[in-house]
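K.L.:
Just so you know, the protein sequences line up as chains A and B, in that order. Under my numbering, think of the first position of the first sequence as 1, with each following residue one higher. Under my numbering, think of the first position of the second sequence as 1, with each following residue one higher.
Where hints are given, some of them may not hold.
List of simulated lysine to aspartate or glutamate pairs, DMTMM-like, C-alpha gap at most 20 Å [claimed, not checked]: (1) A:102 with A:363; (2) A:369 with A:322; (3) A:144 with B:85; (4) A:32 with B:66; (5) A:32 with B:67; (6) A:467 with A:442; (7) B:90 with A:46; (8) A:93 with A:83; (9) A:437 with A:401; (10) A:498 with A:451; (11) A:144 with B:75; (12) A:228 with A:363; (13) A:405 with A:359; (14) A:492 with A:461; (15) A:405 with A:363; (16) A:433 with A:461; (17) A:498 with A:461; (18) B:90 with A:99.
Derived by calculation from the structure, the hints in this document are not laboratory data. A quick note: this is a predicted structure, and the numbers were derived from the prediction, not measured.
Okay, here's what each chain looks like letter by letter:
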Amino acid sequence: MTTTTDLVSYEEALASYDPVMGLEVHVELGTKTKMFCGCSTALGAEPNTQTCPVCLGLPGALPVVNATGVEYAIRIGLALNCEIAEWCRFARKNYFYPDMPKNFQTSQYDEPIAYNGYLDVQLEDGEIFRVEIERAHMEEDTGKSTHIGGATGRIHGAAYSLLDYNRAGIPLIEIVTKPITGAGDRAPEVAKAYVRELRELIRALGVSEARMEMGQMRCDVNLSLRPKGTDAFGTRSETKNVNSLRSVERAVRYEIQRHAAVLSSGGTVVQETRHFHEDTGTTTSGRTKEEAEDYRYFPEPDLVPVAPPREWVEEIRAALPELPLARRTRLLAEWGISTTDMQAILNAGALDLIAATIEAGADVASARKWWMGELARAANESGKALDELPITPAQVARITELVAKGDLNDKLARQVIEGVLAGEGGPDEVVEKRGLKVVSDEGALNAAVDEAIAGNQAIVDKIRGGKVAAVGALVGAVMKATRGQADAARVKELLLEKLGVGEG
Amino acid sequence: MPGITREEVAHLARLARLELKPEELDHFAGQLDDIIGAVARVSEVADQDVPPTSHPLPLTNVMRADEVRPSLTPEQALSGAPAQEQQRFKVPQILGEE
Chain A
1 MTTTTDLVSY EEALASYDPV MGLEVHVELG TKTKMFCGCS TALGAEPNTQ TCPVCLGLPG
61 ALPVVNATGV EYAIRIGLAL NCEIAEWCRF ARKNYFYPDM PKNFQTSQYD EPIAYNGYLD
121 VQLEDGEIFR VEIERAHMEE DTGKSTHIGG ATGRIHGAAY SLLDYNRAGI PLIEIVTKPI
181 TGAGDRAPEV AKAYVRELRE LIRALGVSEA RMEMGQMRCD VNLSLRPKGT DAFGTRSETK
241 NVNSLRSVER AVRYEIQRHA AVLSSGGTVV QETRHFHEDT GTTTSGRTKE EAEDYRYFPE
301 PDLVPVAPPR EWVEEIRAAL PELPLARRTR LLAEWGISTT DMQAILNAGA LDLIAATIEA
361 GADVASARKW WMGELARAAN ESGKALDELP ITPAQVARIT ELVAKGDLND KLARQVIEGV
421 LAGEGGPDEV VEKRGLKVVS DEGALNAAVD EAIAGNQAIV DKIRGGKVAA VGALVGAVMK
481 ATRGQADAAR VKELLLEKLG VGEG
Chain B
1 MPGITREEVA HLARLARLEL KPEELDHFAG QLDDIIGAVA RVSEVADQDV PPTSHPLPLT
61 NVMRADEVRP SLTPEQALSG APAQEQQRFK VPQILGEE
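So here's chain A without its partners, still in its complex pose (with noise of 0.2 Å):
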């Protein structure tokens, strides 16, 4: 590929068009079991382990639905303001590519499960912007392809290819947008915004991990550009393997700017199939989209219609948790912080770890510098995501404890971080094994400032003639000889009335 894109500025392309989104997720789901049979869904097994008959597609099997991938759909559809089919279909998508040892994929065409709903997502700034949804059905994930021989294991030029289908058959839901208008120059954080809500519902439902780095949940991003101040919609693009937040943004970005170059130059663009690049952030034709019409839907005869009792529909209603919109406004309002402090914090990932940390008996102050501060760097410093580091939030709350009562000062809790994290046990243990504690023992203490006034005999005049400030030389020779274990605001009074000087 040597030809080169031809892109205009963001501005520019934003000055003339009007951006149109559309946007399909979809979302493995962490059931146990495939959704039409009895096959683990485990990851990390070895290949092929996790197949039979039916996910294989060999003759006379027949699928079977598994209730909780119907539940599961169900609740999400609900979350997401949908209505649910009172009785819908599976239906069999036609086509020919090894994914699907079957040759074709079990989905829902013109009657999904749940449809006609919004999410509301919250933008950097704390605005809402209210996402409608067309759809979500339910379908099954295909088998995983390495392609051999070719260049950087790409499809293109390939040898041949080698599948395994423990993948193949494990639920996904497909959710999909209405065209989402509106946004302008903010579309690309919109795109952001809303399959990180998207994620963290998912997430709040139980229903799926949701990491997109494990491929658990995948963005196509549908775009098209139409003139400004008019209504008709553009000739789209369709952008797969758009597969983490930072993506999203940068394919709607970049597709802005590729589809605004071809129309200012008097072009049209192509309605296909796009490939997105993590490394150059760009994106490269691949085949042109195939017309609905070409997988040749029809009603799959193997399975019967899902019907969902309203009484079933209800009690899921009934036990949807807390959604995360809801719970971030509550929080926001219980802890007192503003939106910034609130979007650092969801930039970090730090929310259940924090209110988890808050639940365990930390004060709100703590539990943030903590997680924000000392645990944010050890986690960047060890590239990790800070769920990923060893010390759990109730952990985090002991330490606070311990601080509060006086027994840790602050650089002894950040040695007593740094053990928990290096497995040396939890707060206690390391408090005990390293010998962090505080010298409370005021004789002990005694000594050590006595020490410290008799060998620092030119500061000690200093403070006498005034100087009050000088005294922070004394409480770090204090501190040092104690080796940090010292309470500093106590040696420092202790200080003051051996030398008989009051404060200020």
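Please arrange chain B on chain A, whose structure you already have, making use of the hints.
P.N.:
Here is chain B on its own, set in the frame of chain A:
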């Protein structure tokens, strides 16, 4: 009743990965026309009060509990594969060079 064209048969054949000879295109165009014409007669009698039927039995909500059942061994799974490598199904080149 619009007739099925040769081009439509060729397109369907491509989607179904069927290689058809030119004379077969004409042959099947006529046959498909007959089939579609016959099926279309159903629409003439089906009305709003006749629910669409995709299954002969009046059943709904046949589901199973989310419980793991034994899978095939990889040897069994791969036993019908024309070719295999690294415990995976080996398939010929999917796409050529760009």
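K.L.:
Tell me the numbers of any earlier hints that the structure contravenes, in ascending order.
P.N.:
The structure conflicts with hints 1, 2, 6, 8, 12, 16, although it agrees with all the remaining ones.
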